[in-house]
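**Q** Residues per chain, in single letters:
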Amino acid sequence: MKKSYTITAFSENHVGLLNRITIIFTRRHVNIETLTVSASAIKGIHKFTIVINDTKEKVEKVVSQIEKLVEVLKAYYHTDDEIVHQEIALYKVPTRALLESNTLEKTIRNHNARILEVTPEFTVIEKTGHKEETQELFEILNKYGVKQFTRSGRVAITRSKKELLTSYLKEVDKAQSIHITNNN
Amino acid sequence: MKEQTSITDIEKKDKMTKITGSEALMLSLLQEGVEVIFGYPGGAIMPVYDALMNHEDKIRHILTRHEQGAIHAAQGYARVTGKVGVCMTTSGPGATNLITGVADAMVDSTPIVCLTGQVTSPLLGSDAFQETDVIGITMPVTKWNYLVTQADEIPEVIAQAFYIARTGRPGPVVIDLAKNAQFGELNFKYKKCTSIRSYVARPEIEADKIKEAAKLINKAKKPYVLFGQGVILGRAEKEFRAFIEKSGIPAAWTILGKSALPTDHPLNVGMLGMHGNYGTNIKSNECDVMIAIGMRFDDRVTGDLSKYAKQAKVIHLELDPAEINKIVKADVAVLGDVKESLPMLTEKIERKTHESWIKEFKDCDKIEYEKVINKALYPDKPGLTMGEVVRIITEKTNGEAIVVTDVGQQQMFASRYVKLNHTRSFVTSGGLGTMGFGLPAAHGAKIGAPDKVVIGIIGDGGFQMTIQELATINQTQAAVKLVLLNNTYLGMVRQWQQLFFNKRYSATKLKNPDFIKVAEGFGIKGRKITERSTLENGIEEMLNYDGPFLLEVEIEKEANVFPMVPAGASVSDVMFSSD
Ligand SMILES: Cc1ncc(C[n+]2csc(CCOP(=O)(O)OP(=O)(O)O)c2C)c(N)n1
Ligand SMILES: [Mg+2]
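Line by line, the protein sequences give chains A and B. Going by the working numbering, the first sequence opens with residue 163, and the numbers climb by one from there. Going by the working numbering, the second sequence opens with residue 3, and the numbers climb by one from there.
Hint data in this document are derived by calculation from the structure and do not stem from the laboratory. Fair warning: this is a prediction, and the values are worked out from it, not measured in the lab. By construction, the Cβ of each residue, glycine as well, lies at the ideal position given by its N, Cα and C atoms. It is possible that some hints are incorrect.
[To be verified] Part of the chain A face toward chain B, derived, beta carbon under 8 Å:
1) V213
2) E229
3) V334
[Unchecked claim] Below, computed lysine to aspartate or glutamate pairings styled on DMTMM-like, alpha-carbon distance capped at 25 Å:
4) A:K236 - B:D210
5) B:K191 - A:D216
6) B:K213 - B:E239
7) B:K331 - B:E158
8) A:K223 - B:D575
9) A:K332 - B:E37
10) A:K230 - B:E158
11) A:K309 - A:D335
12) A:K332 - B:E208
13) B:K341 - A:E219
14) A:K220 - B:E372
15) B:K331 - A:E174
16) A:K230 - B:E543
17) B:K421 - B:E342
18) A:K332 - B:E342
19) A:K223 - B:D210
20) A:K209 - B:D322
21) A:K223 - B:D322
22) A:K223 - B:E239
23) B:K211 - A:E195
24) A:K268 - A:E229
25) A:K236 - B:E158
26) B:K377 - B:D575
27) B:K309 - A:E219
28) A:K332 - B:E206
29) A:K324 - B:E158
30) A:K230 - B:E206
31) B:K315 - A:E222
32) A:K218 - B:D300
33) B:K328 - A:E195
34) A:K230 - A:D335
35) A:K223 - B:E214
36) A:K324 - B:E208
37) A:K218 - B:D306
Work the whole structure out from these sequences, hints included.
**A** What follows is the structure in structure tokens.
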């Protein structure tokens with residue numbers, strides 16, 4: 163059964179790594195729904211957050227192929243209920259619509275969205291939330307004519323108590339110091 | 003550390019002087035113990051070739067006639083020596099000509115370092131002369147690749163390249179060297195790479211998995227070992243033997259695992275896969291515990307996966323985590339280096355013999371012998387068979403030779419029938435099935451193992467794909483023995499056309515050159531055999547000849563390889579003939 167999985171991969175920062183990761187998906191004909199690259203909490207380590215819609219079997223295989231990449235420290239996958247996740251959406255609507263409608267301002271407030279910029283021509287609205295939520299607001303705003311719309315990739319944080327990568331790094335450090343002493 | 007003491011003089015020297023990136027590359031290769039480079043020069047790698055001249059006494063360069071020849075030779079060299087094979091080319095076409103070999107080394111886990119020249123870094127991305135995106139092109143087919151844009155990166159990158167190529171599951175690494183990095187200067191200091199934070203060369207073995215595996219094995223009535231190249235790559239041949247000898251379990255090999263166990267070992271029950279043995283295939287669907295060791299369940303081995311080993315509990319000993327559960331779900335996955343895991347397992351298993359179970363294999367062998375093998379090895383019809391050539395080669399070399407093959411029918415006959423006593427003595431393109439591999443790989447193998455008899459068994463089609471390497475052989479005078487099995491067809495494809503496409507021989511008939519004359523033109527001695535009566539003598543002449551030799555054997559034109567598990571069929575459905 164296909165469902166949404168969030169893959170997080172932690173890596174050293176290297177030119178070309180994004181390409182290396184995406185070809186793993188391309189080769190298996192797996193579509194990437196969203197992709198975000200950012201710094202992680204650990205200095206020098208980058209984090210890829212990739213959302214795909216596929217079977218558990220497929221996601222397992224893809225994750226082990228990602229982890230196999232030399233520059234990748236660790237890769238995990240999570241179902242939506244194992245993570246706290248958000249996406250951010252920006253909407254550009256005509257300012258006229260805002261002035262003429264008496265419900266629009268309320269809608270924005272009810273959706274916990276906010277206004278970033280107002281000019282005589284247009285207004286930029288921002289909302290963070292799950293995709294369904296930002297989509298819902300889009301549907302409403304679009305009645306007034308959304309001129310531009312953009313949604314970011316997913317960012318996610320795990321619900322587990324254990325910090326997977328930190329403990330992994332500790333292990334690696336330990337193993338490497340053993341390794342080095344052995345060589346002396 | 004030992005390496006550090008050995009470079010003190012170099013270190014002292016470079017406190018005073020800077021050296022060029024190209025010189026640093028040479029010193030780095032020396033630090034990695036490189037003795038041979040297979041390569042081909044050109045504009046973007048000329049500074050390195052210039053530096054090479056300063057080290058000709060220690061690093062031998064073999065000038066091939068095509069870059070594909072260089073990488074296949076490096077593969078042959080790596081496979082027989084266990085060292086990293088090195089090849090070197092210029093940018094653009096030089097680098098793209100390597101791709102087939104890189105892909106081949108990737109799928110067959112061969113440690114290779116390719117050094118490719120690249121345009122000077124300010125020109126990167128400008129469509130400069132002979133600029134290709136080598137990093138981009140090789141990304142899907144390398145274990146690792148890296149573009150060097152500054153001279154001072156060279157020592158560390160080369161150290162990492164060799165470490166990555168040879169450790170863990172080995173594979174090809176491409177280092178693309180921008181010309182400015184070759185010219186640029188640096189203070190040279192070399193430190194061997196012993197670990198990379200983001201890369202696990204040897205996953206730790208979980209003791210409870212060993213226990214679980216041992217429990218399954220101890221209870222098994224019909225346990226069955228399938229072994230692959232992992233045993234060889236892990237240098238675990240001894241440990242593997244100890245394991246099967248104590249457990250008494252029959253063991254079958256994948257084509258790349260062939261030489262990990264002597265062919266005549268009493269527990270060696272033969273070859274797996276599409277043209278493997280009868281018993282080895284059908285018993286995959288009858289065993290109760292399947293122990294897969296350093297192999298990856300290629301579809302040529304499993305046949306129809308939905309009908310493969312469903313009855314068996316599967317234990318998978320494997321170094322690469324991505325191979326676990328990739329094709330066949332493991333009931334017990336023992337992740338780790340088989341050199342460590344096998345002794346742990348051997349300790350925990352009971353000493354047993356499985357006589358009646360092994361007899362089942364022997365019974366199958368009898369059937370296969372009558373239906374196929376006897377006819378192949380001792381034909382009673384006039385036409386010469388590939389089987390008899392391979393049989394006589396075994397007889398004349400007593401299993402002591404290194405055998406290298408190309409791809410096609412001749413490859414299957416060689417794998418099925420050649421007997422070998424030693425590990426790393428069978429070199430073939432397994433996962434990619436690259437025609438043209440055999441000739442250069444045989445040459446590379448001979449360079450790597452000059453004291454061994456090295457025999458290349460090659461079809462008439464594949465021979466012509468890298469035939470230019472005869473010139474390379476003539477230049478090195480490496481005494482490689484080439485056996486050309488000429489059936490005037492792309493035999494393997496013709497066989498499929500006969501069996502599955504109504505004998506419509508579309509584009510498989512070859513009008514061949516006079517190979518002996520061609521060889522002569524290249525300066526290689528040759529002889530053509532057309533009759534059974536002279537075959538033995540021909541093989542003897544080839545083996546006794548002091549130098550490279552081409553023995554062409556005219557083979558019956560429309561012979562087939564059997565048994566066969568047709569593509570997509572179950573391993574239980576073995577075909578013995580075309581009728
Ligand atoms: C580079 C490449 N091209 C095509 C193929 C497909 N192919 C597999 S076997 C074969 C026929 C090989 O003919 P030959 O070299 O004469 O060997 P034979 O089967 O006759 O022993 C072909 C064309 C291949 N494996 N590799
Ligand atoms: Mg042929």
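**Q** Starting from K315 of chain B, check that the Cα of E222 of chain A is at most 25 Å away, please.
**A** holds (21 Å)
**Q** Can you confirm whether the C-alpha distance between K331 of chain B and E158 of chain B stays at or below 25 Å?
**A** violated (39 Å)
**Q** Would the pair K324 of chain A and E208 of chain B pass a check requiring their Cα atoms to be no farther apart than 25 Å?
**A** With Cα atoms ~21 Å apart, K324 of chain A and E208 of chain B stay inside 25 Å; holds.
**Q** With the threshold set at 25 Å, check whether the alpha-carbon distance from K328 of chain B to E195 of chain A stays at or below it.
**A** holds (23 Å)
**Q** Are the Cα atoms of K223 of chain A and D210 of chain B separated by 25 Å or less?
**A** holds (24 Å)
**Q** So if I understand the rule, the pair passes when the alpha-carbon distance is 25 Å or less; does K223 of chain A with D322 of chain B pass?
**A** holds (12 Å)
**Q** Can you confirm whether the C-alpha distance between K223 of chain A and D575 of chain B stays at or below 25 Å?
**A** violated (30 Å)
**Q** Do the alpha carbons of K236 of chain A and E158 of chain B lie within 25 Å of each other, as the hint requires?
**A** holds (23 Å)
**Q** Tell me if the straight-line CA distance from K220 of chain A to E372 of chain B falls inside 25 Å.
**A** violated (45 Å)
**Q** Given the hint that K218 of chain A pairs with D306 of chain B, does the C-alpha gap stay at or below 25 Å?
**A** holds (22 Å)
**Q** Measure nothing beyond the straight line between the CA atoms of K230 of chain A and E158 of chain B; if it is 25 Å or shorter, mark the hint as holding.
**A** holds (21 Å)
**Q** Please verify whether K191 of chain B and D216 of chain A have alpha carbons no more than 25 Å apart.
**A** violated (49 Å)
Of the numbered hints listed earlier, those contradicted by the structure are 1, 5, 7, 8, 9, 11, 13, 14, 15, 16, 17, 22, 23, 24, 29.
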